[in-house]
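Asker: As a plain string of letters, each chain reads:
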Amino acid sequence: GAGVSQTPSNKVTEKGKYVELRCDPISGHTALYWYRQSLGQGPEFLIYFQGTGAADDSGLPNDRFFAVRPEGSVSTLKIQRTERGDSAVYLCASSPNPTLLGDTQYFGPGTRLTVL
Amino acid sequence: SQQGEEDPQALSIQEGENATMNCSYKTSINNLQWYRQNSGRGLVHLILIRSNEREKHSGRLRVTLDTSKKSSSLLITASRAADTASYFCVNSGGSNYKLTFGKGTLLTVNP
Numbered sequence: 001g002a003g004v005s006q007t008p009s010n011k012v013t014e015k016g017k018y019v020e021l022r023c024d025p026i027s028g029h030t031a032l033y034w035y036r037q038s039l040g041q042g043p044e045f046l047i048y049f050q051g052t053g054a055a056d057d058s059g060l061p062n063d064r065f066f067a068v069r070p071e072g073s074v075s076t077l078k079i080q081r082t083e084r085g086d087s088a089v090y091l092c093a094s095s096p097n098p099t100l101l102g103d104t105q106y107f108g109p110g111t112r113l114t115v116l
Numbered sequence: 001s002q003q004g005e006e007d008p009q010a011l012s013i014q015e016g017e018n019a020t021m022n023c024s025y026k027t028s029i030n031n032l033q034w035y036r037q038n039s040g041r042g043l044v045h046l047i048l049i050r051s052n053e054r055e056k057h058s059g060r061l062r063v064t065l066d067t068s069k070k071s072s073s074l075l076i077t078a079s080r081a082a083d084t085a086s087y088f089c090v091n092s093g094g095s096n097y098k099l100t101f102g103k104g105t106l107l108t109v110n111p
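Quick note, the sequences are listed as chains Y and S, same order.
Per my numbering: the first sequence ends with 116, consecutive numbering throughout.
Per my numbering: the second sequence ends with 111, consecutive numbering throughout.
Read the hints as simulated data drawn from the structure, not as lab findings.
Since the model is a prediction, treat every value here as computed from it, not as a measurement.
It is possible that some hints are incorrect.
[What the hints assert, rightly or not] Label pairs and their calculated CB-CB ranges:
#1 S:Thr108 with Y:Tyr18: 34 to 42 Å
#2 Y:Glu14 with S:Glu15: 43 to 51 Å
#3 S:Thr64 with Y:Tyr18: 46 to 54 Å
[Said to hold, decoys possible] Sample of chain Y residues with no beta-carbon within 10 Å of chain S, all distances over it, derived:
#4 Pro8
#5 Lys11
#6 Glu14
#7 Lys15
#8 Gly16
#9 Arg22
#10 Ile26
#11 Arg64
#12 Arg69
#13 Thr76
#14 Arg81
#15 Asp86
#16 Ala88
#17 Ala93
#18 Asp103
#19 Thr114
A virtual CB, placed ideally from N, CA and C, is assigned to each residue, including glycine.
Construct all of the structure, not just a fragment, from the sequences and the given hints.
Answerer: Spelled out as structure tokens, the structure:
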């Protein structure tokens, strides 16, 4: 079946611009996660959605970052006034039921964001 | 911190050899997961071992867990060039959803 998909695969933007990154989770998965991965590092948690609501946004680095999931499926990560330090691969993951111990997260291929 | 620390940071072996990667963590666990990341297939869940388990197998993978030492190991037997990837251990700790990754072990399997 279809896995998690993310668009675009690559995004190059200029400093100060606004960007939107999209994630299509696996159908039926109630939980959705965003992570950010810098070069040479492991992924870093940003935000977790359970259904339509952000259950934990403690990983968002500052108020320039915002994410939505209005219908409990597709999610969009929005970054305002981008900075060069925002350059990274942004990963999305989904899982069926995170209340179960050991619920596996299924990751998308990521969006590579480059801020010039 | 729930972050696991993988050791070694990099490992290079020949095809057919076994590869062992270690993970240490500081907090209690609910379960410990291993993920693999390569350019071809992205980040993929490999295996999960629960806190009440000591060893688990999946194909060519063997994972051990020692809760008293707060450590885990991942053994890949009869390695293949396609096993070349970064491997991460993830300790879920008290969270069922927030995965905290370390820097990983970069495994290179030479043909």
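Asker: Does the structure break any of the earlier hints, and which numbers would those be?
Answerer: Violated: hints 17, 18.
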